[in-house]
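Student: Going down the list, the sequences are from chains A and B. Once you know that position 37 of the first sequence is 37 in the working numbering, the rest is easy, because the numbers rise by one and skip nothing. Once you know that position 215 of the second sequence is 348 in the working numbering, the rest is easy, because the numbers rise by one and skip nothing.
Some hints here could point you the wrong way.
Said to hold, decoys possible - Dumping the calculated SDA-like pairs for lysine to any residue here, alpha-carbon to alpha-carbon at most 25 Å:
1) B:Lys284 with A:Leu73
2) B:Lys284 with A:Ala97
3) B:Lys330 with A:Ala60
4) B:Lys330 with A:Gly54
5) B:Lys330 with A:Ala56
6) B:Lys284 with A:Ala106
7) B:Lys284 with A:Val90
8) B:Lys284 with A:Leu101
9) B:Lys330 with A:Gly52
10) B:Lys284 with A:Ala108
11) B:Lys225 with A:Ile29
12) B:Lys225 with A:Ala32
13) B:Lys284 with A:Phe96
14) B:Lys225 with A:Glu109
15) B:Lys284 with A:Ala112
16) B:Lys330 with A:Phe57
17) B:Lys284 with A:Thr104
These are calculated hints, taken from the structure and not from any lab test.
Each chain, written out:
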Amino acid sequence: MFSMADSDKTKRPERVSQRPETGALASRIRRAKKQRPALAAASAMRQNELTGAGRAFRMASEFVAAVIVATALGMALDAIFGTRPIFMIVLLLLGFAAGVLNVTRAAAEMNANAPKPDPDKLVPPDELDDDDD
Amino acid sequence: MAGTDPISQFNIYELFSFGTIGADAEGAGGFELAFTNSSLFMVLTVGLIAGYLILSTRGRGLVPSRLQLVSEITYEFIANMVRSSAGNEGMKFFPFVFSLFTFILISNMFGMFPYFITVASHLIITVALALLVMTVVIVYGVMRNGFGFLKLFVPSGIPLPVLIIVVPIEVLSFLSRPLSLSLRLFGNMLAGHIVLKVFAGFVVTLTSMGAFGIIGAVLPFGMTVALTGLEFLVSALQAFVFTILTCVYLNDAIHPGH
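Using the sequences and the hints, build the whole thing.
Tutor: Here it is in structure tokens:
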């Protein structure tokens, strides 16, 4: 948990220009480049303003979409090969798995973008059942 | 009844027709090319975006004017989003991503006006946008990586027996992307506008019930005001979410190996 918070800063490597530059312009360019990760971080912050409903909708649509696509694909394959329920059942199960995969990926992405947790508000480690981070 | 019906705001009606394609001799069948109210707002959206960007950047001031600043902030915002999630190579797609973001954002904002239609509240529009994104991802991914693009479906460091089950799941996960991308935008816009209209409808119905009703109407009216604010947030947020996911998918096309 704490090591993740530390590595947050080093995640975005700074781009260093290899071209030779001169005097004041070079320092201005360097300064502008230093601002870029900050700007990117600011835009990533904006994503965290997702409302709770927005987050829930994201999860739900990720999951439902996979199941719908898989089932439709299964029914289409059944229609082609004349094996009525088999492909649909297999793909429905696979679609369920794909949906869970989508949701875990979306959750991991949201966690990665989430702001650093306040150390005072953290649950003590012995009260945590498991820790994915 | 039309005043409080929450669905009628999504009605599509024809403004004028370009004629029918592929009809037989009797004029039956075929596909009518009609210019609808939805088309009108798409044209207005594109016109507003193009007009604003062209006019506001015409001065090309080194010290930007206020109008030019808005265009530059939008540029910077999208450029940073593309760079941070798809890398510098993703900047190739900057015009595409910028167009998507501004189109969804401005059309959603148009939808916030009373009596205007929300273009993204129709599934066909969002599906078209999502399929456009996936087509770009697949075409560019195959062009750039050839068969290497298929590495997207094969996570590295997994033993062969597990791959047999993981690869179909990854393929399905990929196939579900256009649907989840389009369903999310469509669902949010549709649901938000229906809820807004339902609460606004309560106000109308209650105020027609005399003095007691008018007092009672204060509650749904307050709710309508609050929901209007929320809808503005959702409109902007969904445009942003659609765009950032586009960037994430474009990143997959550029670096399929994970």
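Student: Work down the list of hints and note, for each, if the structure agrees.
Tutor: Structure-based check of all given hints:
no. : hint                   : verdict
1   : B:Lys284 with A:Leu73  : holds, 22 Å
2   : B:Lys284 with A:Ala97  : holds, 19 Å
3   : B:Lys330 with A:Ala60  : holds, 24 Å
4   : B:Lys330 with A:Gly54  : holds, 20 Å
5   : B:Lys330 with A:Ala56  : holds, 22 Å
6   : B:Lys284 with A:Ala106 : holds, 20 Å
7   : B:Lys284 with A:Val90  : holds, 24 Å
8   : B:Lys284 with A:Leu101 : holds, 17 Å
9   : B:Lys330 with A:Gly52  : holds, 22 Å
10  : B:Lys284 with A:Ala108 : holds, 21 Å
11  : B:Lys225 with A:Ile29  : holds, 22 Å
12  : B:Lys225 with A:Ala32  : holds, 21 Å
13  : B:Lys284 with A:Phe96  : holds, 22 Å
14  : B:Lys225 with A:Glu109 : holds, 24 Å
15  : B:Lys284 with A:Ala112 : holds, 24 Å
16  : B:Lys330 with A:Phe57  : holds, 20 Å
17  : B:Lys284 with A:Thr104 : holds, 20 Å
Checked against the numbered hints given earlier, the structure satisfies every one of them.
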